[in-house]
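Whenever a hint applies, use it, and build me the whole structure from the sequences.
Just so you know, the protein sequences line up as chains D and S, in that order. For the first sequence, my numbering gives the first residue as 29, with consecutive numbering after it. For the second sequence, my numbering gives the first residue as 29, with consecutive numbering after it.
Quick caveat, the hints were computed from the structure, so don't treat them as lab data. Source: prediction; values computed, not measured. Glycine included, C-beta positions come from ideal geometry on N, C-alpha and C. Honestly, I wouldn't trust all of these hints.
So these bits of chain S aren't anywhere near chain D, every CB distance computed over 10 Å [stated by the list, open to error]:
#1 D59
#2 S178
#3 A397
#4 N405
#5 D411
#6 G433
According to the in silico footprint, chain S covers these stretches of chain D (three or more CB under 8 Å from chain S) [stated by the list, open to error]:
#7 77 to 91
#8 124 to 132
#9 442 to 452
#10 474 to 482
#11 506 to 514
#12 521 to 528
#13 553 to 567
Number of protein chains: 2
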Amino acid sequence: MPQASTPATKATPKTVIQYVLGRLKDLGVTDVFGVPGDYAFPINDAICADKDMRFIGSCNEVNAAYSADGYARVKGLGAINPTYGPGELNAIGGIAGAYAEHVPIFHLTAMPSRDLQRDRAFVHHTLADGSFDLFYEMAAPSVCARTIVSPQNCVAETERLISAALYHRRPVYMAFPMDTSNQPVVGGGSPEPAPQSNPASLESAVNAIVDAVTRAKTACVVPGILLARAGLRREATALIDASGLPFATMIMDKTTLDEAHPNYIGMYDGRLMEESVRAFVEGADCVIGLGALWSDFSSGAFTATLDRSKTINVFHHSTRVGDTFFEDVEMKDVLAALTARLPKCADGKRPKPSDLGVPTGTGDDKITAEALYPRWNRFLKPDDILVAETGTSSMGLGMAKMPKGATFHNQTLWGAIGWATPAAFGAAIAAPDRRTVLVTGEGSHQLTAQEVGQFHRFGLKPIIFLLNNNGYLIERLLCKDPETYYNDVAQWHYHLLPQALGCDGWFTARVTTCGELDAAMSKAESCGTGVYIEVVTDKYVAPPMAMKLHESTKALYKS
Amino acid sequence: MPQASTPATKATPKTVIQYVLGRLKDLGVTDVFGVPGDYAFPINDAICADKDMRFIGSCNEVNAAYSADGYARVKGLGAINPTYGPGELNAIGGIAGAYAEHVPIFHLTAMPSRDLQRDRAFVHHTLADGSFDLFYEMAAPSVCARTIVSPQNCVAETERLISAALYHRRPVYMAFPMDTSNQPVVGGGSPEPAPQSNPASLESAVNAIVDAVTRAKTACVVPGILLARAGLRREATALIDASGLPFATMIMDKTTLDEAHPNYIGMYDGRLMEESVRAFVEGADCVIGLGALWSDFSSGAFTATLDRSKTINVFHHSTRVGDTFFEDVEMKDVLAALTARLPKCADGKRPKPSDLGVPTGTGDDKITAEALYPRWNRFLKPDDILVAETGTSSMGLGMAKMPKGATFHNQTLWGAIGWATPAAFGAAIAAPDRRTVLVTGEGSHQLTAQEVGQFHRFGLKPIIFLLNNNGYLIERLLCKDPETYYNDVAQWHYHLLPQALGCDGWFTARVTTCGELDAAMSKAESCGTGVYIEVVTDKYVAPPMAMKLHESTKALYKS
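Encoded structure:
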């Protein structure tokens with residue numbers, strides 16, 4: 029994950045857009061997702077002219093945002109470049125999702141030239157009221173910092189935004205009036221230093237944690253996404269290794285730490301996932317969250333019950349121990365100090381992480397949940413990137429035991445259906461040497477399905493499982509009458525889609541029985557091409573977690 | 029087009045959502061486009077439970093907004109129902125486009141229950157900061173009025189929003205906390221009266237116009253979209269009939285008045301379209317705009333030059349004569365008064381509207397612009413709904429002479445590529461008995477192509493022409509280097525798309541020669557099914573208007 033850094037590229041005088049792109053490259057961003065558009069041409073041009081960067085032409089802007097989100101989950105930072113007005117607004121939902129989930133993305137957009145703005149000209153892509161900063165205003169809640177760029181402020185503002193994006197691990201917004209991008213940079217500025225802990229506050233926080241852990245008969249760690257976003261997985265693993273503490277993971281945080289680690293005890297999601305893990309975590313005297321967020325879904329629809337006084341949470345820049353907050357304490361410093369100071373705990377009696385077990389069904393047997401999810405679990409290999417769409421499939425896969433190095437990605441908090449397909453594309457762009465596996469329900473897939481064609485266009489070979497259960501199953505389980513027709517979707521012939529989208533040479537299949545599924549999965553492993561398998565199940569084939577959620581709607585909605 | 033009205037449905041006590049839906053039905057809205065979602069279930073449920081309404085499940089939310097936009101262009105008012113957070117934000121670009129183009133849409137969205145809001149609960153679809161009204165705030169610039177609904181304010185707020193939507197012909201936003209929708213309506217309220225002209229101001233405005241026209245040697249009318257949005261086409265046609273005035277139409281306003289009318293003289297777009305029309309309009313002593321908007325594209329990239337003192341414009345609620353504004357003057361009253369009072373003008377020498385002429389090419393000839401656009405023009409029939417995507421194809425079709433009753437729809441001002449495909453679907457839902465013809469470039473189509481499957485799902489039989497010219501042609505013509513790779517798009521096999529999207533039984537074809545195009549168009553006329561024809565041309569096959577725009581970029585961008 030990128031950390032604040034001095035610019036590596038200082039050389040000759042630069043244009044405004046060259047400066048910004050150069051700094052993004054310093055931070056590891058080499059691909060910008062976008063849809064070109066006239067006011068944005070100078071930005072589009074500069075990206076294409078830079079031999080170390082690629083403009084990844086997305087099918088539409090929200091897909092671009094989701095792809096940048098997937099990219100940033102892998103590389104630590106992403107970027108999009110839609111055009112002014114329609115372009116940026118169509119991306120804003122995806123950027124807001126990245127904000128919610130602490131995924132930093134540079135939202136680079138355009139504006140009409142300052143001359144047109146001064147004239148209050150009646151031009152396309154505006155609301156025709158002479159206002160040009162409305163979309164800049166609308167962007168505010170979706171980003172942690174924003175600016176309208178000029179040659180004078182370019183350096184200082186770019187550095188401020190980099191600093192904000194890395195401090196909060198959230199998106200930032202930069203709008204370039206059309207005439208500014210190619211102007212030479214005029215004003216100065218320099219990178220802001222990385223944040224430092226207040227030594228006294230750090231000492232107090234660490235003392236409090238060490239004290240709580242030392243006093244506890246049993247303690248455990250709950251590593252969370254803030255840890256992953258800060259790029260501190262290695263440091264947290266060192267803490268686990270040194271302390272011997274067991275860790276359980278909540279659904280939003282799945283694979284924050286490696287599930288192949290011997291101290292992993294399983295998934296904790298209140299009463300919705302593993303009962304033995306729930307009992308262990310809730311029975312512990314001290315639960316140390318490392319940037320875990322207690323949302324509705326992560327807390328098992330609020331069925332997780334932890335006495336706050338027994339809990340600790342280490343955030344990016346503060347730490348809470350019971351009811352006491354310690355401010356200006358950097359997560360990495362807390363991890364390092366705890367690694368050095370926590371006592372090594374005894375192994376004790378701990379749950380063993382379960383996997384999804386042995387798949388049922390053979391031959392002409394229908395594909396049930398007991399047939400499907402265990403097969404998917406066994407299909408996964410070390411270092412896979414698994415992108416799981418919000419819905420029953422991600423709930424089923426939440427209980428998969430992920431192989432060493434394999435990562436699980438889901439938009440648990442924001443929960444925009446459709447996110448997974450473009451996010452998987454973005455992740456594959458970020459890590460073309462890893463295997464990307466996408467699992468999505470067909471209802472969600474319909475929102476953003478066109479992005480499938482991009483994998484082939486960019487020479488990527490994902491493995492895509494499309495779960496066709498004839499509608500929005502998760503909604504059938506949460507709404508009043510599961511058969512209400514709004515849960516139905518258009519009946520596509522999904523297995524024909526990749527070819528229509530230009531994915532020549534892919535292996536595609538439509539499977540309705542366990543035998544067909546086995547054959548297709550076996551071919552998928554070895555065929556060496558992109559893969560798209562439509563898995564057809566009965567309408568109500570759902571994994572246990574989804575069924576438990578179905579029983580928890582009153583607690584979930586308070587309505 | 030709907031006008032303010034007394035509720036037709038007063039009967040028994042209603043729930044909050046029933047009241048709102050009942051009022052929308054009074055105004056002619058019988059179809060709500062949306063994507064269901066958990067907080068929105070009570071709204072989704074109520075729509076499905078109403079036997080006089082349909083929930084039209086769109087593939088995604090921006091497509092829903094574009095469809096409602098197309099629907100409202102035909103029926104006068106539309107509605108969408110995405111869910112809270114991700115749903116509504118993904119629709120916001122489409123709603124902003126409707127705002128820009130004066131298309132009224134009810135944006136009905138949900139919120140978590142008031143209990144969850146009071147708890148500042150950490151729930152999905154939020155930014156997890158305990159704030160629940162951020163998206164309500166973000167919606168502000170995209171709508172002319174908005175509210176968060178409660179049982180107490182439901183009637184009064186619904187009536188206020190109806191009034192605002194009809195007054196401004198722009199979208200409005202209503203958010204329903206999950207627990208409110210099914211509560212009985214408590215508070216009172218009544219429909220706001222339709223706006224009335226100030227008699228003195230009306231008299232002054234009409235006198236000024238009659239005076240200007242009487243003094244003019246030549247005068248002409250430029251009817252605009254505000255007229256169409258207000259549902260005053262018939263009244264404006266009566267004015268033309270009574271006065272004998274000729275009318276020319278700008279590109280954004282195409283078919284506001286019927287192009288088969290004998291007084292129609294052609295398209296006026298500065299120096300970009302018909303020179304004879306430009307000369308006539310700009311040579312007239314008095315140009316009467318009826319709600320026409322002088323945007324960049326409508327003014328031929330600012331090449332239209334009219335002396336303001338010679339121009340009049342009649343807006344919805346005000347009228348400008350030269351530099352004088354008359355406020356509180358209703359468009360319909362101005363039209364009626366002018367119809368009664370304007371002198372009948374002599375026929376004089378006027379341009380005759382041209383059409384696109386005789387198509388060139390036969391047999392194996394490639395499909396050139398001279399082959400294509402005239403063929404499309406001849407293909408059109410009376411009462412067709414033609415939805416033309418922003419890009420070179422709409423510029424080419426701008427010069428088509430539309431048959432009697434046929435309407436041309438384009439999002440000229442907002443210019444969101446991708447709008448046309450879902451908008452055509454919405455228009456077809458609104459007018460299933462008319463023939464809907466969609467013409468779109470393939471780059472734009474990729475943004476929203478999944479909506480093609482909806483036509484078949486709802487038993488509609490559109491005729492879709494997909495122009496495949498290997499990338500974003502309009503952008504090649506406007507950017508610095510036409511060959512820059514951001515103008516390329518993924519290479520789909522478009523003619524295979526309808527089948528993949530479930531359009532069983534459709535006639536689909538891929539044509540590369542004039543002979544193939546003729547055969548396919550002939551079959552399209554008679555086959556009685558949905559039609560999807562991929563028309564393949566060389567990369568730079570563009571109509572004259574696009575080429576002229578290519579030469580006008582400096583004026584257009586001032587950059």
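To see whether the hints hold, each was checked on the structure:
no. : hint       : in the structure
1   : D59        : holds (13 Å)
2   : S178       : holds (14 Å)
3   : A397       : holds (21 Å)
4   : N405       : holds (25 Å)
5   : D411       : holds (27 Å)
6   : G433       : holds (28 Å)
7   : 77 to 91   : holds (count 6)
8   : 124 to 132 : holds (count 4)
9   : 442 to 452 : holds (count 5)
10  : 474 to 482 : holds (count 7)
11  : 506 to 514 : holds (count 7)
12  : 521 to 528 : holds (count 6)
13  : 553 to 567 : violated (count 0)
Violated hint for the displayed structure: number 13, the only one.
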